[in-house]
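Please model the entire structure based on the sequences and the hints provided.
Chains as they are written, first to last, in numbering that gives the first Met the number 0: chain A, 0 to 354; chain B, 0 to 337.
You may find that some hints are simply not true.
[Unchecked claim] Computed spacing ranges between beta-carbons, pair by pair:
#, chain 1, residue 1, chain 2, residue 2, range
1, B, Ser215, A, Leu56, 54 to 62 Å
2, A, Ala344, B, Pro159, 53 to 61 Å
3, A, Arg345, B, Gln296, 55 to 63 Å
4, A, Ala223, B, Pro101, 55 to 63 Å
5, A, Gly314, B, Ser48, 32 to 40 Å
6, B, Trp162, A, Leu338, 26 to 34 Å
7, A, Arg345, B, Gln321, 37 to 45 Å
In short, the hints are calculated from the structure, not lab data.
For every residue, glycine included, the Cβ atom is placed at its ideal position computed from N, Cα and C.
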Amino acid sequence: MTTTQQTPTGAAPAAAEARSRRGTALAHRLFVVRELGILAALAVLIGVTLIANPRFLSGQNLRDLMLSAAILVVLAAGQTMVIITRNVDLSVGSILGLSAYATGTLLVDRPGTPVLVALLAGTAVGAVCGLVNGAVVAVAKVPSLVVTLGMLYAIRGLDSLWASSSDRLQVNAADLPSGFKSFGGARVLGVPVLFLIAVAVVLVIGWYLRSYRSGRELYGIGSAPEAARLSGIPVGRRVLMAFVVNGALAGLAGVLYAARFQTLDTTAGTGLELNVVAAAVVGGVAIAGGTGSAWGAALGALLLTTIGTALPQLGLNPFWRDAAVGALIIAAIVLDRTLTLRLAARLRGRNLRGS
Amino acid sequence: MAVDTAPAPSAPARAGGRRLTLPSGSVISTFLVLFLVIASFSVENFASSRNAGFLLLDVVVIALIALPLTLIVVTGEIDLSVASVVGLCSAVMGRLWFAGLPLELIIPLCLLLGAVLGAVNGLLVTKVGLPSLAVTIGSLALYRGLAFVVLGDQAVADFPRAWTTWAIGSIGGTGIPNAVLPLLVLIAVTAVLLHATPIGRSLYAMGNSEDAARFSGIDVARTKLWLFVAAGVVSALGGVFWTLRYGSARADNAAGLELQVIAAILLGGVSIFGGSGGLLGVLAGALLLASVRNALQLVNVPSDVLNIVTGVLLIVAVVAPQVTAWARTRAARQRPPG
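Spelled out as structure tokens, the structure:
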């Protein structure tokens, strides 16, 4: 539309529009390539591990892998929303811990609580934490890195203060109602329910970011905050919303954590924030904002989890896991940088040829 | 109105600008002094030389690593991998000592390793052009992972007594730890570098506008590369000291310390976006965090509350300047014209 106004002749706008559409298509293809790349890496990793140990993907192993991945996948999908707006939330590990402990306490005190209510309660706890994060970031306009670092300490402190003052330092599996425990191990067609919940979360967030106006605006905010503001996007409200959703998902992940591990102390989820950010970055969500997708981040989470399980199967010392994860993060951002540079060069080349 | 008052606000604004450079450290220092005075009177044993010694011993590594990291944050970059460098150097130190090398050889090797680790970060940031936050989240995991590869979950603890007693000993029984002297030298060097040389001013210039700095002839990439190398070397030194102080080389030494160092830097008034802040504030911030924790421990406040206090202090430290700036502009707007 805007190209029509800029070019005087009648034939040029169509060409310009086609050119810009080709450019967009190219950019799109690149991101698809990026996600296929992680999928390929995942396939290679699984393939190599299968050769070393043919039983790697046997029923129980696969289910364990899905269960371990579920929590990280949910967190990575939420973190994607925040990172896309050029922010970051380092407090998710602490939110998960608080939500897991809160859910555990609720279930022990009221064993009749339905699982759905427990899920909602944990999610609500997370949403409140996210609201505090988002409000401080959006209203006081201070860097999210600092605010959520502070919240990382504060929420964890609150969690352990609650535990020590209530004389229940940890929630034991034996005290949890059996309904909740069977939820943790439940399967539909052989697939763990926890994993299905994670997949549902990724689909909803991914679809929202791709197809909804406010979802697209998050990308605009991350690419150029000032331009987004000038074009009328309510930046503060959108960023606040991203933090609330991310907090809510961290709360949900806390309930999943409680269902999976069932014995909960106040250290649940400590240090998880770096894994989450790592999963997002490996999955193509740029830390500088504006690019990436929830499915990419979910694939990143799946890849990181698989590395952890595959190393021992390959006969490698599990101590290599962190080193491999670190190398993967650096490789992923180097790859992203190369792709971006190439994309920019290609687009520039096209424009030169076109004009 | 804007035309009438234009010359008037510009003069106070300049004075305000100059005033602003001082408070970046002096506000937090005032808080520190107030807190120390109140705590010495109201908290039993807080002012004892024994307790002061423990407190300083806890601050040494944090303050040490905060020196190069402050310079990095001033240029608008960040290095989250410092604590992992501490861990990796500690692990390597343990492995080499276990292999029978003398400490006189091991320590230079560890510092060299730190330089290499810092250079890897620096090259990825300056040559490849990657965001330092993402790079150092990666190397945080990578270096810590390598530490576990080197030493596993074992601990090497049979370091010579002469070295370990020096690390926890104090100067002539004053309670001031031995390590404070070399730390003071490094503080002096960093302070002069940052606040009294063209290099220091160029760091602020980079933090305010990298393009402007480059156009004015500053070699941004080379300076940043050297800062990352310095952070690596100093963190390695921290790793050596940490190992001797606790008498134990472990792969998980100083895990999570990066958050405490960054908390001290930000509490000290250095902007995470770069371009402002000073060393005085950072050191006061490190001391304040450590003394608040120490005092609360002495009055038997559970450690959970310490975390809440640390977190809230950090948030208040960044929100407070925003609130005062907002109040100031509001007051300026409400002042009648002319």
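Right, here's what the structure says about each hint:
The beta-carbon spacing between serine 215/B and leucine 56/A, approximately 59 Å, falls within the hinted interval of 54 to 62 Å. Alanine 344/A and proline 159/B have their C-beta atoms about 58 Å apart, which keeps the hinted 53 to 61 Å range intact. Between arginine 345/A and glutamine 296/B the beta carbons are some 59 Å apart, a value that agrees with the proposed interval 55 to 63 Å. Evaluation of the 55 to 63 Å hint for alanine 223/A and proline 101/B yields a pass: the beta carbon distance comes to about 57 Å.
Take glycine 314/A and serine 48/B: their Cβ atoms lie about 55 Å apart, and the range 32 to 40 Å is violated. Range check, tryptophan 162/B to leucine 338/A: about 50 Å between beta-carbon atoms, so the 26 to 34 Å window is missed. Between arginine 345/A and glutamine 321/B the beta carbon distance is about 42 Å. The supplied range of 37 to 45 Å therefore holds.
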